[in-house]
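Asker: Each chain is listed here by its residues.
2 protein chains.
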Amino acid sequence: MELLERRIKQSGTVIGTNILKVDSFLNHQLDIALLCELGRDVYHHYQNCAVNKILTIEASGIAYACMTAQFFDCNVVFAKKKGAANQSADVYTANVHSFTHGNDNVIAVDRRYLKAGDRVLIMDDFLAHGEAIRGLMALVAQSGATLVGAAVAVEKGFQGGGDSLRQEGLEVYSQAIVDKMSESEIVFRPNK
Amino acid sequence: MELLERRIKQSGTVIGTNILKVDSFLNHQLDIALLCELGRDVYHHYQNCAVNKILTIEASGIAYACMTAQFFDCNVVFAKKKGAANQSADVYTANVHSFTHGNDNVIAVDRRYLKAGDRVLIMDDFLAHGEAIRGLMALVAQSGATLVGAAVAVEKGFQGGGDSLRQEGLEVYSQAIVDKMSESEIVFRPNK
Numbered sequence: 001m002e003l004l005e006r007r008i009k010q011s012g013t014v015i016g017t018n019i020l021k022v023d024s025f026l027n028h029q030l031d032i033a034l035l036c037e038l039g040r041d042v043y044h045h046y047q048n049c050a051v052n053k054i055l056t057i058e059a060s061g062i063a064y065a066c067m068t069a070q071f072f073d074c075n076v077v078f079a080k081k082k083g084a085a086n087q088s089a090d091v092y093t094a095n096v097h098s099f100t101h102g103n104d105n106v107i108a109v110d111r112r113y114l115k116a117g118d119r120v121l122i123m124d125d126f127l128a129h130g131e132a133i134r135g136l137m138a139l140v141a142q143s144g145a146t147l148v149g150a151a152v153a154v155e156k157g158f159q160g161g162g163d164s165l166r167q168e169g170l171e172v173y174s175q176a177i178v179d180k181m182s183e184s185e186i187v188f189r190p191n192k
Numbered sequence: 001m002e003l004l005e006r007r008i009k010q011s012g013t014v015i016g017t018n019i020l021k022v023d024s025f026l027n028h029q030l031d032i033a034l035l036c037e038l039g040r041d042v043y044h045h046y047q048n049c050a051v052n053k054i055l056t057i058e059a060s061g062i063a064y065a066c067m068t069a070q071f072f073d074c075n076v077v078f079a080k081k082k083g084a085a086n087q088s089a090d091v092y093t094a095n096v097h098s099f100t101h102g103n104d105n106v107i108a109v110d111r112r113y114l115k116a117g118d119r120v121l122i123m124d125d126f127l128a129h130g131e132a133i134r135g136l137m138a139l140v141a142q143s144g145a146t147l148v149g150a151a152v153a154v155e156k157g158f159q160g161g162g163d164s165l166r167q168e169g170l171e172v173y174s175q176a177i178v179d180k181m182s183e184s185e186i187v188f189r190p191n192k
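Quick mapping for you: the protein sequence lines, in order, are chains H and E.
Residue 22 in our numbering sits at position 22 of the first sequence, with consecutive numbering throughout.
Residue 27 in our numbering sits at position 27 of the second sequence, with consecutive numbering throughout.
Here chain H stands alone, though its shape is the one from the complex (with noise of 0.2 Å):
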């Protein structure tokens, strides 16, 4: 999508050779405008597809996924990274690990915010390893509801997540997919 590969030349950071630092506009300072235009175009992408349900996890995830859903005329759903005194012991559970933080977390959905008729969209607003979609995919496979697909803002796609996904069969639309990166460049996969 051509306004976030703009943005994301224009306000983004290359750090060493993994990290692409978007927090000006994408998840600590965020640009509602942008995330606006962002979901309607996931909207576009999936407006077919009987979406019900969006399946995000904290804590960045959630302003993407909040601004689609509007477009949906759906709910949202984040997965908790750890249990809290008042969250309740009937919950889907998955092991995420962490390339950024260098940790595993348990991620938990309640029982009864994913259910067997739920049609879910899986939202996060990044996708390296791809390790957060395999668990948000794994909460959506225990309850029984169908998985329409994922949309990503930003999938860094030499890091191979995304196209594992692909080859396993799972839709992915990423909105912008960068193939390569250094301090000096931001290279994009074409649009097919």
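What the hints contain is simulated information worked out from the structure, not anything from laboratory work.
Quick caveat: nothing in here was measured; it's all calculated off a predicted structure.
A couple of the hints might just be wrong.
For chains that are exact copies, the list does not tell them apart, and a pair is met inside one copy or across any two.
Distance condition first, Cα-Cα at most 30 Å in a straight line; then the derived BS3-like pairs of lysine-lysine [unchecked claim]:
{"no.": "1", "residue 1": "K21", "residue 2": "K115"}
{"no.": "2", "residue 1": "K81", "residue 2": "K21"}
{"no.": "3", "residue 1": "K115", "residue 2": "K180"}
{"no.": "4", "residue 1": "K115", "residue 2": "K82"}
{"no.": "5", "residue 1": "K21", "residue 2": "K82"}
{"no.": "6", "residue 1": "K115", "residue 2": "K9"}
{"no.": "7", "residue 1": "K180", "residue 2": "K9"}
{"no.": "8", "residue 1": "K82", "residue 2": "K9"}
{"no.": "9", "residue 1": "K9", "residue 2": "K21"}
Mind docking chain E on chain H? Use the hints.
Answerer: Coordinates of chain E only, in the frame set by chain H:
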């Protein structure tokens, strides 16, 4: 706000004397249509205050802040709860004690996203003892930005945090204030 009070009565669950679960619509599953109405109402309250930034805290404040920001046509910044590998060291920080989780968190906002010229509205889904709001206030004070006030979806009035903040001069707009609750009854503070 009657719409929210009705929803809390209908879908909220009181556990013991302190926990009000509203995770079916406010902080786990997110009722986007409701959040949109809450956002519109917050906008009506603060529309003449020249708000140009909404500051919240991850994770459950994000949805509420984003849906509201659309009405103000402004950006959101969410404070992060701990340092991440790809987070700049150049941050404002504050300590926040969580009575829910029984621990302390350092919250942080990148200095680039909160500036002396900003007019900031603080938002959070819940206000109990007021610790999160106080932490966010500390970040705003460090930045030199102007704090316009706070907006909260659910205030647990009986825990006193909101009234303390009001006594200290902060404008706190809570959309529903629970003054008393038990497993059989939820009593809201009447509107003034």
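Asker: Take the hints in turn and mark each one as holding or not.
Answerer: Structure-based check of all given hints:
1. K21 - K115: For K21 and K115, the Cα distance is within 30 Å only across copies (20 Å; inside one copy 35 Å).
2. K81 - K21: Both: 22 Å inside a copy, 18 Å across copies.
3. K115 - K180: neither (39 Å within a copy, 33 Å between copies)
4. K115 - K82: within (21 Å within a copy, 33 Å between copies)
5. K21 - K82: both (25 Å within a copy, 17 Å between copies)
6. K115 - K9: Cα proximity of K115 and K9: across copies only (24 Å, versus 40 Å in one copy).
7. K180 - K9: Within one copy only: 13 Å inside a chain, 52 Å across chains, cut-off 30 Å.
8. K82 - K9: between (34 Å within a copy, 27 Å between copies)
9. K9 - K21: Within one copy only: 11 Å inside, 42 Å across.
Comparing the model with each numbered hint stated earlier shows that hint 3 is the single one that does not hold.
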